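Top to bottom, those sequences are chains A and C.
According to our numbering, the first sequence is numbered sequentially starting from 1.
According to our numbering, the second sequence is numbered sequentially starting from 1001.
Careful, some of the hints might be misleading.
Here are the simulated BS3-like cross-link-like pairs (lysine-lysine), alpha carbons at most 25 angstroms apart as the crow flies [claimed, not checked]:
| id | chain 1 | residue 1 | chain 2 | residue 2 |
| --- | --- | --- | --- | --- |
| 1 | A | 187 | C | 1074 |
| 2 | C | 1180 | C | 1153 |
| 3 | C | 1002 | A | 153 |
| 4 | C | 1074 | A | 180 |
| 5 | A | 2 | C | 1002 |
| 6 | C | 1180 | A | 74 |
| 7 | C | 1102 | A | 8 |
| 8 | C | 1008 | A | 153 |
| 9 | C | 1002 | A | 8 |
| 10 | A | 158 | C | 1180 |
| 11 | A | 180 | C | 1153 |
Just so you know, these hints were derived from the structure itself, not from any lab.
None of these values were measured; they are calculated from a predicted model.
The chain contents come next:
There are 2 protein chains.
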Amino acid sequence: MKVSVGAKTTLYPDPVIVVGTYDSHGRPNAMVAAWGGICCSAPPCIAVSLRPATFTYRNITEQNAFTVNIPSVKYLREVDFFGTTSGIDTDKFAVTRLTPVKSSLVNAPYVEEFPIVMECRLLQTVNIGMHTQFIGEILDTKVDEAVMGADRKPDVTKIQPFCYDAFRQEYYCTGTAIGKAFFEGKKIKTPPDHRRTPDHP
Amino acid sequence: MKVSVGAKTTLYPDPVIVVGTYDSHGRPNAMVAAWGGICCSAPPCIAVSLRPATFTYRNITEQNAFTVNIPSVKYLREVDFFGTTSGIDTDKFAVTRLTPVKSSLVNAPYVEEFPIVMECRLLQTVNIGMHTQFIGEILDTKVDEAVMGADRKPDVTKIQPFCYDAFRQEYYCTGTAIGKAFFEGKKIKTPPDHRRTPDHP
């Protein structure tokens, strides 16, 4: 039995991502976004939504570039700090003692201590309402050696990313592998009588 | 030390969401999307990206409506089936024995057995590349009583949503609460010498 809770942004899981930018003086900034997600495979793109009042909004529109960093649980405190202070009046990297590194492909900094970064050039800007969506083309992804598995693929149990619960304003962690995609569904067989008659022969 | 892995869509966590639609004959369909995310607070909006070849793409453009369902780990097999078959020739609800229920506010079905659904009307369509992004305004969110906490808020440990690892083509689970948002960061103090001189006085 379902009950209405109103028009709520209740996505589970909702990713916690850190957006890195430079301002017009080359000063690095990092902010937290929970409104974002991959939006295209080719070109590979990720979208982040920001309010126009943010420092990062101004920086992206000026530099046409940003990074999307995936933080580890280990840096929960720093990430929450990034999300609760403004780069307009605070040097967040100095306060948190985290390290900004200039991306090799775009004019934006990434957070050295975070395990994964996607370097993005601004591809499209979509005005929606309170938030504006920036679609970035991912030009390169860099992964910390420390979170690579023996098979040379990133290992989510080493990355230890986390999620945002918008309803409770809480963070929660991720866990372990539970199944192979494009495989689990094969355990379900389609009986012939559940075939549809195509309406476009 | 970071190493380049190429331009990859490596978002962690990446949500597994199920998109519900009707076709022009009123037949319900469900597909899986991993490219999606919340994109605006007001109006509350969620974006899902689809390839034009999909049945759901056609349905959304015809009905201007869709639902975004959050599945539980319990239905991993059914979800993967939704993602590996096409509604063009298969009645996925009949095969999986899951129940389509017509939304109260939009012309789209939701999956009765899944704990959360957001009912969406199509607000914007954004052509990006291989994928087209549909931005839906969330008109209502419905939550199963069974996943409500004692405080009448959804409890993620009862919802048991899961994530997609695009790099490994694997699913992984979510865990428990690890901290309060807008609180953890307060444990970090800003020394006066890390204040920035505003460049817009």
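Check whether the Cα positions of residue 1102/C and residue 8/A lie no farther apart than 25 angstroms. holds (19 angstroms)
For the pair we were handed, residue 1180/C and residue 1153/C, check the Cα-Cα distance against 25 angstroms. Holds, at about 15 angstroms.
Is the straight-line distance between the alpha-carbon of residue 1008/C and that of residue 153/A 25 angstroms or less? holds (12 angstroms)
Holds or violated: residue 158/A and residue 1180/C, Cα atoms, limit 25 angstroms. Measuring from Cα to Cα gives roughly 22 angstroms; hence the hint holds.
Distance restraint between residue 2/A and residue 1002/C, which requires alpha-carbon spacing of 25 angstroms or less: Cα-Cα ~46 angstroms, so violated.
Can you confirm whether the C-alpha distance between residue 180/A and residue 1153/C stays at or below 25 angstroms? Violated, because 31 angstroms separates the two Cα atoms, which is more than 25 angstroms.
Satisfaction of hint between residue 74/A and residue 1180/C, Cα-Cα up to 25 angstroms: Holds, because 15 angstroms separates the two Cα atoms, which is no more than 25 angstroms.
Are the Cα atoms of residue 1002/C and residue 153/A separated by 25 angstroms or less? holds (13 angstroms)
Check the hint pairing residue 1002/C with residue 8/A against an upper bound of 25 angstroms on the C-alpha distance. Answer violated: residue 1002/C to residue 8/A is near 38 angstroms, above 25 angstroms.
When you check the alpha-carbon spacing of residue 1074/C and residue 180/A, does it fall within 25 angstroms? holds (15 angstroms)
Compare the distance between the alpha carbons of residue 187/A and residue 1074/C with 25 angstroms, and conclude whether the hinted pair is satisfied. Judged against 25 angstroms, a Cα distance of about 14 angstroms means the pair holds.
In the structure shown, a violation is registered for the earlier hints numbered 5, 9 and 11, in ascending order.
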